[in-house]
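Novice: In case you want the letters, here they are:
Number of protein chains: 2
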Amino acid sequence: MNRRLLLVSNSTLHGGGYLDHCQQQIKDFFGEDVKRILFIPYALHDRDAYAKTAKQKFKSLGYEVDSIHEAASPVDAVRKAQGIFIGGGNTFRLLKTLYDQNLVLEIRKRVLEDGVPYMGSSAGTNVATISINTTNDMPIVYPPSLKSIGLVPFNINPHYLDPDGNSKHMGETREQRILQFHEEPDTPCVLGLREGSMLVVEGSKATLLGTTNARLFVRGKPATEHEPGADFSFLLNDSSP
Amino acid sequence: MNRRLLLVSNSTLHGGGYLDHCQQQIKDFFGEDVKRILFIPYALHDRDAYAKTAKQKFKSLGYEVDSIHEAASPVDAVRKAQGIFIGGGNTFRLLKTLYDQNLVLEIRKRVLEDGVPYMGSSAGTNVATISINTTNDMPIVYPPSLKSIGLVPFNINPHYLDPDGNSKHMGETREQRILQFHEEPDTPCVLGLREGSMLVVEGSKATLLGTTNARLFVRGKPATEHEPGADFSFLLNDSSP
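As given, the protein sequences belong to chains A and B, one line each in that order. Using UniProt numbering, you'd call the opening residue of the first sequence number 1 and step up by one each time. Using UniProt numbering, you'd call the opening residue of the second sequence number 1 and step up by one each time.
Any given hint might turn out to be false.
Identical copies look the same in the list; a pair holds intra-copy or inter-copy alike.
[Stated by the list, open to error] Below are the DSS-like pairs computed for lysine-lysine, each with C-alpha atoms no more than 27 Å apart in a straight line:
id : residue 1 : residue 2
1  : Lys-147   : Lys-96
2  : Lys-147   : Lys-35
3  : Lys-57    : Lys-221
4  : Lys-96    : Lys-205
5  : Lys-168   : Lys-147
6  : Lys-147   : Lys-57
7  : Lys-221   : Lys-59
8  : Lys-168   : Lys-27
9  : Lys-109   : Lys-80
10 : Lys-168   : Lys-35
11 : Lys-55    : Lys-168
12 : Lys-96    : Lys-27
13 : Lys-168   : Lys-109
14 : Lys-168   : Lys-57
15 : Lys-147   : Lys-27
To be clear, the hints were calculated from the coordinates, so they are not data collected in a lab.
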């Protein structure tokens, strides 16, 4: 399998600019063969403004960006893309639009069969996984399914957040929410990517990059911590580890 | 319309026990005519433990509790109920189970036509509104719709949370998430109920109770703050204010 993925937890790290914290990894990932990247801004309402932000950032890294919302045919745009980047925002809105535009299977095919490199950030990382069951976002719209593009056979929780011991807020912690997911039958592993971390997948090899640890939730087992550089290739097997 | 509702933001307030912070309002609401309350524990996985907690608390207030998960026919249990209480937990799991058990229309009918008093807490408050589009919960399962029981024609965001100015976390604030909901067309008002607050509805009169302010989001207008005692009856009109 030619699969090449860069799945980033968050688009902006506190104190930095848009995609600043992962710009070296972006350049390493798309390399010099890719010249133009297809940007999918569906997770935010103002697509023009979002595309402008993405175009500026990628231009500074040496890439031209075409935004899919300006294409005559979104499906054709995916069919011709050299590389794909789906940005963050609301995951429900993003996934619903991907279904509405008939892009879910098209992107899967391009990435898994044709080896087109795929980068996602936040919501764009959620939709790259098997489902959006572990998004943090508010369900502002109702997509026809929570199953997503399925480029990897597990779930990711982006912006993974540790409990705040000083908080008096009584809503569930992130860990509690993921454990509730694992109370449901036949639920896959969930990789909690803290802000600052990202997963790079090259074929059947998956590696944690960035500056923060990741927390892995395997159904029925205690959660485990993993440092940057960790090998997560075992998560790419269809069967749970 | 006989409608009687007690919609509580949160089941437990920091430093207190289960439903302690609203126990006076519970007694005022169910009064002395109601002897037995039907409890719906579907939002949590361990229904036995949850029912035990609810039974103990309500017994201390003078009410017997029957848990719907112990009933031979959940639909019949709703048809016979003197009062209904839906507890908190995961809103998606709760709503999916209500649909699976054919209870959504049945509860609506009992409350809106027969005047059976309805209390909800957290997820149980979410499902009492027009939809669960403004839940905070993780979509761990896929309900057949986000439309919910519809006892009021607006949305509530329970556990409403102000932005933390000291946080370095870059996920969306609660307000940003609600504003994203209002970027979608034809979306209703959202009442943000902070922990400690609750809405009581008696027919066509709605009043904020508790110890914290509520924050109201009307699509296309600036959010507004409202103190305990505020009259929210205007939200009960079908047309947005």
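Novice: Evaluate each hint against the coordinates.
Specialist: Each hint, compared with the structure:
1. Within a single copy, Lys-147 and Lys-96 get their C-alpha atoms as close as 11 Å, and across copies as close as 16 Å, so both meet the 27 Å cut-off.
2. For the identical chains of this complex, Lys-147 and Lys-35 are neighbours neither inside a copy (31 Å) nor across copies (45 Å), given an alpha-carbon limit of 27 Å.
3. For the identical chains of this complex, Lys-57 and Lys-221 are neighbours neither inside a copy (41 Å) nor across copies (33 Å), given an alpha-carbon limit of 27 Å.
4. With identical chains, the CA atoms of Lys-96 and Lys-205 are never at most 27 Å apart, being 30 Å at best within one copy and 37 Å at best between copies.
5. With identical chains, the CA atoms of Lys-168 and Lys-147 are never at most 27 Å apart, being 34 Å at best within one copy and 31 Å at best between copies.
6. Proximity of Lys-147 to Lys-57 under the C-alpha cut-off of 27 Å is found in neither arrangement, the shortest distances being 30 Å within a copy and 40 Å between copies.
7. For a Cα distance limit of 27 Å, the shortest separation of Lys-221 from Lys-59 qualifies neither inside one copy, at 44 Å, nor across copies, at 37 Å.
8. When the C-alpha separation of Lys-168 and Lys-27 is checked against a cutoff of 27 Å, the pair qualifies only between copies, where the shortest distance is 26 Å, while the shortest distance within a copy is 42 Å.
9. With identical chains, the CA atoms of Lys-109 and Lys-80 are at most 27 Å apart within one copy only, with a shortest distance of 12 Å there and 54 Å across copies.
10. Taking CA atoms no more than 27 Å apart as the test, Lys-168 paired with Lys-35 passes in neither setting, with 49 Å inside one copy and 34 Å between copies.
11. In this assembly of identical chains, Lys-55 and Lys-168 lie within 27 Å of each other by CA distance solely across copies; the values are 26 Å between and 41 Å within a copy.
12. Taking the shortest Cα distances, Lys-96 and Lys-27 never come within 27 Å of each other, neither inside one copy (30 Å) nor across copies (44 Å).
13. When the C-alpha separation of Lys-168 and Lys-109 is checked against a cutoff of 27 Å, the pair qualifies neither within a copy, at 46 Å, nor between copies, at 37 Å.
14. In this assembly of identical chains, the alpha carbons of Lys-168 and Lys-57 lie at most 27 Å apart only when taken from different copies (22 Å versus 39 Å within one copy).
15. In this assembly of identical chains, Lys-147 and Lys-27 lie within 27 Å of each other by CA distance neither inside one copy nor across copies; the values are 30 Å within and 44 Å between.
Hints 2, 3, 4, 5, 6, 7, 10, 12, 13 and 15 from the list above are not met by this structure, while the remaining hints are.
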